[in-house]
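S.K.: For this one, chain A is given, so just place chain B on it according to the hints.
Number of protein chains: 2
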Amino acid sequence: MKMSRFLFLLTIVGTFTVSLQAQNALIQKYDSLANLIVREALGSNNAYALLHDLISTASHRLSGSEGEAKAVRWARQTMERLGFDNVRLEPVMVPKWVRGNIEEAILLLPDGKREKLNIAALGGTIATPPNGLTAEVVEVQSFDELKNLGKTAEGKIVFFNRPMDRTLLNTFAAYGGAVNQRGAGAIFAAQAGGVAVLVRSMTTRLDDVPHTGMMGYVDTVRKIPGAAVSTKGAERLSQLVKQGQKVHVQLRLSAQTFPDVESANVVGELRGSEKPEEIIVIGGHLDSWDKGHGAHDDGAGCVHAIEALRILKKLGLQPQRTIRAVMFANEENGLRGGIGYAERERPGEKHIAAIESDQGGFAPRAFGVSDPAYETVAAWAPVFRRIGIDRVQRGGGGADIGPLMRKGVPGMSLIVESHRYFDYHHSDEDTIDKVNERELALGAAALAVLSYMIAQEGL
Amino acid sequence: MKMSRFLFLLTIVGTFTVSLQAQNALIQKYDSLANLIVREALGSNNAYALLHDLISTASHRLSGSEGEAKAVRWARQTMERLGFDNVRLEPVMVPKWVRGNIEEAILLLPDGKREKLNIAALGGTIATPPNGLTAEVVEVQSFDELKNLGKTAEGKIVFFNRPMDRTLLNTFAAYGGAVNQRGAGAIFAAQAGGVAVLVRSMTTRLDDVPHTGMMGYVDTVRKIPGAAVSTKGAERLSQLVKQGQKVHVQLRLSAQTFPDVESANVVGELRGSEKPEEIIVIGGHLDSWDKGHGAHDDGAGCVHAIEALRILKKLGLQPQRTIRAVMFANEENGLRGGIGYAERERPGEKHIAAIESDQGGFAPRAFGVSDPAYETVAAWAPVFRRIGIDRVQRGGGGADIGPLMRKGVPGMSLIVESHRYFDYHHSDEDTIDKVNERELALGAAALAVLSYMIAQEGL
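Chains A and B supply the protein sequences, listed in that same order.
Going by the working numbering, the first sequence opens with residue 1, and the numbers climb by one from there.
Going by the working numbering, the second sequence opens with residue 1, and the numbers climb by one from there.
Hints are computed from structural coordinates only; laboratory data are not their basis.
Possibly wrong hints are sitting among the right ones.
Identical copies look the same in the list; a pair holds intra-copy or inter-copy alike.
To be verified - Keeping only pairs whose Cα atoms sit at most 30 Å apart, straight-line, the calculated DSS-like set for lysine-lysine is: (1) Lys-434 with Lys-116; (2) Lys-232 with Lys-434; (3) Lys-242 with Lys-116; (4) Lys-314 with Lys-29.
All values derive from a computational prediction rather than experimental measurement.
Extracted from the complex, chain A is given alone in its bound form (with noise of 0.2 Å):
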């Protein structure tokens, strides 16, 4: 070894010691800390209770419904009841789709047999004719499949039938790897000549459950209608193809979109006592699907940003910057919420962190943070053990915070348990009773921690 390689080697070693022991107090002060927030998330119950009295209040909250209106109101009061700072509405635009009375979809076999599918419309879809529309099934599994078939899908419902990998550790994954049959499938299939789309429920599940989600059509295609089919109906489905049967289905759909009305975020803080200018957002979104409750999604990430700032608020302890809970609007269908709020002028502040949670209300596992802030985040893992976190990854975000990040705010996401998310995820399922309530209340823990570690240390 040349001697100044030797004297780099004992440069590093000096500096490794000297930051240790910083590191090292740093993480005891807010160990403690974290240990003071689980107590008080644990020990009152009390994002269980906020969540209950958002479902009581409004169970369905699609854009444009009137329970998303009266979400709105309720988050608003809500914050202000507990005495946060600043509690605003920042209005936006937001669409406004509505599923109707009428979803249904009836398999006609070449024996004259009838049998029911579960079914539900996929957000955005057009509607069939009023007396629905009758014909021939295709299966696929891909778009290059649907491709390859050439004109055979012209005049059919098109089937797309790929399942999420249930093979894969993370269910996000798997849904990431499937969803494109839902977002794009119509387009594709009015391309190939389809008449509707029957796209397999994003769930793991093999149940008679339908999973809705939006679908989205462009300009320049035909619309065709679309739902989705639970994944035992397309299991069915699917059956019946490969035994060489002409299947026929009976779609009847009676959405319709209207033009779009206002809503908003709905926003309050803890107000900085030093640098106030400097905002940590912290959120999810206020806006459901119009199947089940919206209890995981995202009902768990609003009460998470709730009740972090409670917590703290009640714990006395007042950040040097400020934390901003923020209920994003129509997150479902149209991200009018995330949109509005980065593009919105905010003179004089600045947004150095913004945290996601929109994964539901199961046991924290993980923070994500995106560069650079990860290596200061993942710093304090120790700290947030504390928590039940065991992992700071690379890379974070989230859909209602992407638009900031776009501008440059480093994002964050709050990693949950995943495995039983899809089991509920935009179906009559997410109510409730799916949530725990010590979960829940440590997604709250987690926010809390996590924001004001960046409210106090910078990032």
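M.R.: Okay, now just chain B, sitting in the frame of chain A:
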């Protein structure tokens, strides 16, 4: 820095580099195996099918019951069907306690009104007289408080009402802080002159479900009957007592203890190819309480062990050392299985590790590993991330492998998400619908990965 220290540092750095390379190669090798194991576990969904099969065959598996005998047959037949090596029963004598048809507690209010309390006889309790016993209730939180009451408790029903501390992150710690009331309450109450005990159910949830569990007697103290009361019942009772009312309870229990009967530990193996005499035990307990179906406690642990061997076999991963699945008998009310397993003569065999799964079928979070095995297993942590396990913590074991550990065998525990466990534990709520199929499957994958790595690498 002196030259000697410099050379020392140099050696450290050199050794570190070499061992780091070896370590990386090892991690890489098992990383891909762990991936295969996870994919087989999640893809086949066989763990859930096994649990369903066990519970359909034998939903109640209390020691000495017909259900337990059925479960023993099921475990042997299942392991034989799956082609495990040396499948066999190892007989042990187990206690036979029977709840009987009557368990009833009526609150007698001063105004003559009667209210039913939801109770469950505690395991091992004697019966009340056939017509029940009626006495005033005295409430305490601890044995010390009871002692300080002096003669106040004489002739009364002692009501132990110290809740599990819900503010603790780990519910097992909360359980540990409250369960002595159930285990030893009847002894202390009898010493204070009490005629019976009611114990607040061991759960952090507020509901109307009583949770049973073992209680103990000692030969030198008069036996009095004991029952668990639901947490809502406990709150109601406490409210009345705190109002200063004289609250009487009429208690009827028809429990009976019979002579011991024969049962068995059920054993099956993947025989080691190189060192078959070196044994790694993986297992859970086959018995359960007679409330609910023992789906989490400990149907899950049994299924984890069987499914772990099935996966290894399916993937053609023959271990160098023997991996032995053991379904222990009688964990709940006697531990005869664990004791019998450890006491049995096994000429030529050497146990090198024992891994227990008895925290339910929730998502795996960590391995707990006792010394001296801890350092070795902790170095494998990167592999465990493939199973969703982020942590290896010092200290491991479990009730069933306790007797083996006292003979010097390193003990390990599969640590899973603990928040929901005591919502169901020892109650009618412990049914298969509370088990998520993915979370259950990953527990099996966890046992497969850890036991296989030990089988190949030693400890």
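S.K.: Take the hints in turn and mark each one as holding or not.
M.R.: To see whether the hints hold, each was checked on the structure:
1. Taking the shortest Cα distances, Lys-434 and Lys-116 sit within 30 Å of each other both inside one copy (27 Å) and across copies (29 Å).
2. For the identical chains of this complex, Lys-232 and Lys-434 are neighbours both inside a copy (21 Å) and across copies (21 Å), given an alpha-carbon limit of 30 Å.
3. Proximity of Lys-242 and Lys-116 under a CA criterion of 30 Å is satisfied intra-copy only: 19 Å inside one chain copy versus 58 Å between copies.
4. In this homomeric assembly, Lys-314 and Lys-29 come within 30 Å of each other (Cα to Cα) only inside a single copy, at 19 Å, whereas the closest approach across copies is 50 Å.
Against the hints set out earlier in the document, no violation occurs for any number.
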